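Peer 1: Chain residues, written in single-letter form:
Protein chains: 2
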Amino acid sequence: MFWYVATWARVLYADHIDLARLAGIQVMELRVAFIGMGNVGRAFVRLLQGKRAELAKQYGIRLVVTAIVTARHGSVVSATGLDLDAAAERISSGRSIEGLSGSGPVRDAAEAIERCTADVLFETTPLNPFDGEPATSHIHQALLRGISAVTANKGPVAHGYRRLSQLAANRGAMFRFEGTVMDGCPVFNLAEYCLPGARILSFTGVLNSTSNLILTGMEDGRSMQECLAEAQRLGIAEADPGYDLDGWDTAIKALALANVLMEVDGQAGIAERAGIRDLTLEEVRTAMTQGHAIKLVARAEVSPAGANISVGPERVPRSSVLGGVRGTSNVLVLKTDVMGEIAIVENDPGIDQTAYALLSDMITIHDALVRRAKL
Amino acid sequence: MFWYVATWARVLYADHIDLARLAGIQVMELRVAFIGMGNVGRAFVRLLQGKRAELAKQYGIRLVVTAIVTARHGSVVSATGLDLDAAAERISSGRSIEGLSGSGPVRDAAEAIERCTADVLFETTPLNPFDGEPATSHIHQALLRGISAVTANKGPVAHGYRRLSQLAANRGAMFRFEGTVMDGCPVFNLAEYCLPGARILSFTGVLNSTSNLILTGMEDGRSMQECLAEAQRLGIAEADPGYDLDGWDTAIKALALANVLMEVDGQAGIAERAGIRDLTLEEVRTAMTQGHAIKLVARAEVSPAGANISVGPERVPRSSVLGGVRGTSNVLVLKTDVMGEIAIVENDPGIDQTAYALLSDMITIHDALVRRAKL
Numbered sequence: 041m042f043w044y045v046a047t048w049a050r051v052l053y054a055d056h057i058d059l060a061r062l063a064g065i066q067v068m069e070l071r072v073a074f075i076g077m078g079n080v081g082r083a084f085v086r087l088l089q090g091k092r093a094e095l096a097k098q099y100g101i102r103l104v105v106t107a108i109v110t111a112r113h114g115s116v117v118s119a120t121g122l123d124l125d126a127a128a129e130r131i132s133s134g135r136s137i138e139g140l141s142g143s144g145p146v147r148d149a150a151e152a153i154e155r156c157t158a159d160v161l162f163e164t165t166p167l168n169p170f171d172g173e174p175a176t177s178h179i180h181q182a183l184l185r186g187i188s189a190v191t192a193n194k195g196p197v198a199h200g201y202r203r204l205s206q207l208a209a210n211r212g213a214m215f216r217f218e219g220t221v222m223d224g225c226p227v228f229n230l231a232e233y234c235l236p237g238a239r240i241l242s243f244t245g246v247l248n249s250t251s252n253l254i255l256t257g258m259e260d261g262r263s264m265q266e267c268l269a270e271a272q273r274l275g276i277a278e279a280d281p282g283y284d285l286d287g288w289d290t291a292i293k294a295l296a297l298a299n300v301l302m303e304v305d306g307q308a309g310i311a312e313r314a315g316i317r318d319l320t321l322e323e324v325r326t327a328m329t330q331g332h333a334i335k336l337v338a339r340a341e342v343s344p345a346g347a348n349i350s351v352g353p354e355r356v357p358r359s360s361v362l363g364g365v366r367g368t369s370n371v372l373v374l375k376t377d378v379m380g381e382i383a384i385v386e387n388d389p390g391i392d393q394t395a396y397a398l399l400s401d402m403i404t405i406h407d408a409l410v411r412r413a414k415l
Numbered sequence: 041m042f043w044y045v046a047t048w049a050r051v052l053y054a055d056h057i058d059l060a061r062l063a064g065i066q067v068m069e070l071r072v073a074f075i076g077m078g079n080v081g082r083a084f085v086r087l088l089q090g091k092r093a094e095l096a097k098q099y100g101i102r103l104v105v106t107a108i109v110t111a112r113h114g115s116v117v118s119a120t121g122l123d124l125d126a127a128a129e130r131i132s133s134g135r136s137i138e139g140l141s142g143s144g145p146v147r148d149a150a151e152a153i154e155r156c157t158a159d160v161l162f163e164t165t166p167l168n169p170f171d172g173e174p175a176t177s178h179i180h181q182a183l184l185r186g187i188s189a190v191t192a193n194k195g196p197v198a199h200g201y202r203r204l205s206q207l208a209a210n211r212g213a214m215f216r217f218e219g220t221v222m223d224g225c226p227v228f229n230l231a232e233y234c235l236p237g238a239r240i241l242s243f244t245g246v247l248n249s250t251s252n253l254i255l256t257g258m259e260d261g262r263s264m265q266e267c268l269a270e271a272q273r274l275g276i277a278e279a280d281p282g283y284d285l286d287g288w289d290t291a292i293k294a295l296a297l298a299n300v301l302m303e304v305d306g307q308a309g310i311a312e313r314a315g316i317r318d319l320t321l322e323e324v325r326t327a328m329t330q331g332h333a334i335k336l337v338a339r340a341e342v343s344p345a346g347a348n349i350s351v352g353p354e355r356v357p358r359s360s361v362l363g364g365v366r367g368t369s370n371v372l373v374l375k376t377d378v379m380g381e382i383a384i385v386e387n388d389p390g391i392d393q394t395a396y397a398l399l400s401d402m403i404t405i406h407d408a409l410v411r412r413a414k415l
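Protein sequence lines correspond, in order, to chains A and B.
Quick note on our numbering: the first sequence kicks off at 41 and runs consecutively.
Quick note on our numbering: the second sequence kicks off at 41 and runs consecutively.
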């Protein structure tokens, strides 16, 4: 029975590849490496499994997995390609992936990145937000080898954007990071692909899901501690909750946005940072009875010296686009020179939306590789 | 003095072209034709004038205007290129453009489209919303000749999307229409460029600025007539206000969205359409005191037979993303298979945002032409 299902799946898959060929879509092997296989990495693998037929049919993508590096399930490379389903099954049942058919073991991420052949590296290791490591080093190493890098880690974009994007350009690779702010909701791609000829002058956003979930909960009369515990249960809070509550996560996301979205010669800097820790239930409830909501708001504006970022709690009208996002939802408002003001809202995101960001970046890179192959 | 300024401007312009060359940007002539020179057309020309240096420097675009067709200022074609500034000056001072240096007169749009050499045609004539003419015919004629077409007219997208986009593909041209829904706020581009690998399952939107301005005004205690007069003063109301008030504009925009955004084999159809005409001040004010807003909402969902669209007034929470758009603002909420729910909001749009849509589409087409030239 297992053999039958596996064969059937393979036939179905081959069929999609043929359909893609018939439709004139160039079917291309995309060699991928995974560094990190935590919640985000595993959600991404599930998404790839679910979308396998569609990716083949619509984009002509055939994945070949050449490396998987995990913290607790071993690390392997493969020249011929790993069985992703078998690897996922082993990881989800707590076993090691070492010894998988066609694989050889590696010591660590650095060795895997050095030895694997890949078009795209997915970096999803846990992050030190203050220096962006080890993600930045992994990405740097991959780009040096001409391997495009995709990450949902905001650290490398906040701390190393210019250096890494320049390196990517020099090596004919891409550095993509849609998942670093507002998960897979288009933010960087929106600015890059949908606002040609327009300049972004300033932005405002509610970018931290944990703070927003807490503030929404406090409006319903629950305590900050109680709401934080809920965020932790949902798996959206940072390991150190101070990182959410004191505005660090918001500030680093704003820094990443300012680096990429604003044409500044100077360095983007955080002028002010405050969090929600000292807000009382009474303040939140009073604002509400007056038609307002308290939100942890990031603001950035271009100045001659660079971009100035400030983060802090603000009272905003409940019927405004900033005041309307509730729970884990996020919003980013962009003010432009010729397209006026637009806002993008992400409703109730979870880990699957972060995984989607990686898929979206992967397809962008694949499209670029297909175009290059045609030149 | 005039000579000095003109020469200086030319030097500055040439300088930008050189800068573009130095930066490795391919400088390309883009031959453009304008059919219609009403409010939208003129706002677009102003935008092109304001962005001339940036377009040259950043995108390597050098515009050559080969035809301008107007209803009241004459119509001309030119093989060598028209002086756009001189044409704009004549139109704004109420004179005819016929006799402009290097131009010859033409009878009508059909003759101009037949005779001009152009890469892109901008179609901004007044529209019959029920059959999409004459815009659809102009676009059809241009595409037949392999000329890409850009329009802010929703009729051709609601009524002829499949036929026109198929024709464009067959002739190696593009059919772009970002300005048909929510002006230049990315809607079609958002779906095309920023949601790769995701499917749109349904959408909800507040899409008609006039109705929304009226409903917001009624919340402040003003009558429907008074608010409609304001919309007319602002130049945003349709010539026949029933078209806004009875939900036709919203329905046709929803039809355009459904045609393009949803993968349906069948035809998108309007199952229900109601407007705001019969709403009373009391209903609007009562909803408000209960924390709600009445909005003219479009909803579309994929069904096995196609996409079903319904348009009608709805009570929504004021602190929701649909309830939060006020005045002329619009919002579109997209529900997807793997990226959850996102919304895009356009704040207080005007005619300049419609003009931006044409610019955005023009740059998209130019990029495609540059890529093709490299193949």
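These are computed hints drawn from the structure, not numbers from a lab.
Treat the hints with caution; some may be incorrect.
If several chains are the same, the list does not tell them apart, and a pair holds so long as it fits within one copy or across any two.
Claimed, not checked - Here are the simulated DMTMM-like pairs of lysine to aspartate or glutamate, each with C-alpha atoms no more than 25 Å apart in a straight line: (1) 97 with 341; (2) 91 with 341; (3) 375 with 323; (4) 97 with 148; (5) 375 with 232; (6) 91 with 312; (7) 91 with 129; (8) 97 with 392.
Please read all numbers here as calculations on a predicted model, not as lab measurements.
Peer 1: How would you label the pair residue 97, residue 392 (within, between, both, or neither) given a Cα cut-off of 25 Å?
Peer 2: Cα proximity of residue 97 and residue 392: one copy only (22 Å, versus 40 Å across).
Peer 1: Give the relationship of residue 375 and residue 232 under a CA distance limit of 25 Å: within one copy only, between copies only, both, or neither.
Peer 2: both (15 Å within a copy, 22 Å between copies)
Peer 1: Between residue 97 and residue 341, at a C-alpha cutoff of 25 Å, which is it: within one copy, between copies, both, or neither?
Peer 2: between (43 Å within a copy, 24 Å between copies)
Peer 1: Classify it for me, residue 375 with residue 323: is the Cα-Cα distance of at most 25 Å met within a copy, between copies, both or neither?
Peer 2: Intra 30 Å, inter 34 Å, cutoff 25 Å: neither.
Peer 1: At most 25 Å between CA atoms: does that hold for residue 97 and residue 148 within a copy, between copies, both, or neither?
Peer 2: neither (35 Å within a copy, 45 Å between copies)
Peer 1: How would you classify residue 91 and residue 312 at a CA-CA limit of 25 Å: within, between, both, or neither?
Peer 2: neither (43 Å within a copy, 34 Å between copies)
Peer 1: How do residue 91 and residue 129 come out at 25 Å by Cα distance, when the copy is not named: within, between, both, or neither?
Peer 2: within (17 Å within a copy, 55 Å between copies)
Peer 1: Measure nothing new, just compare the shortest in-copy and cross-copy C-alpha distances for residue 91 and residue 341 to 25 Å and report within, between, both or neither.
Peer 2: between (39 Å within a copy, 22 Å between copies)
In the structure shown, a violation is registered for the earlier hints numbered 3, 4 and 6, in ascending order.
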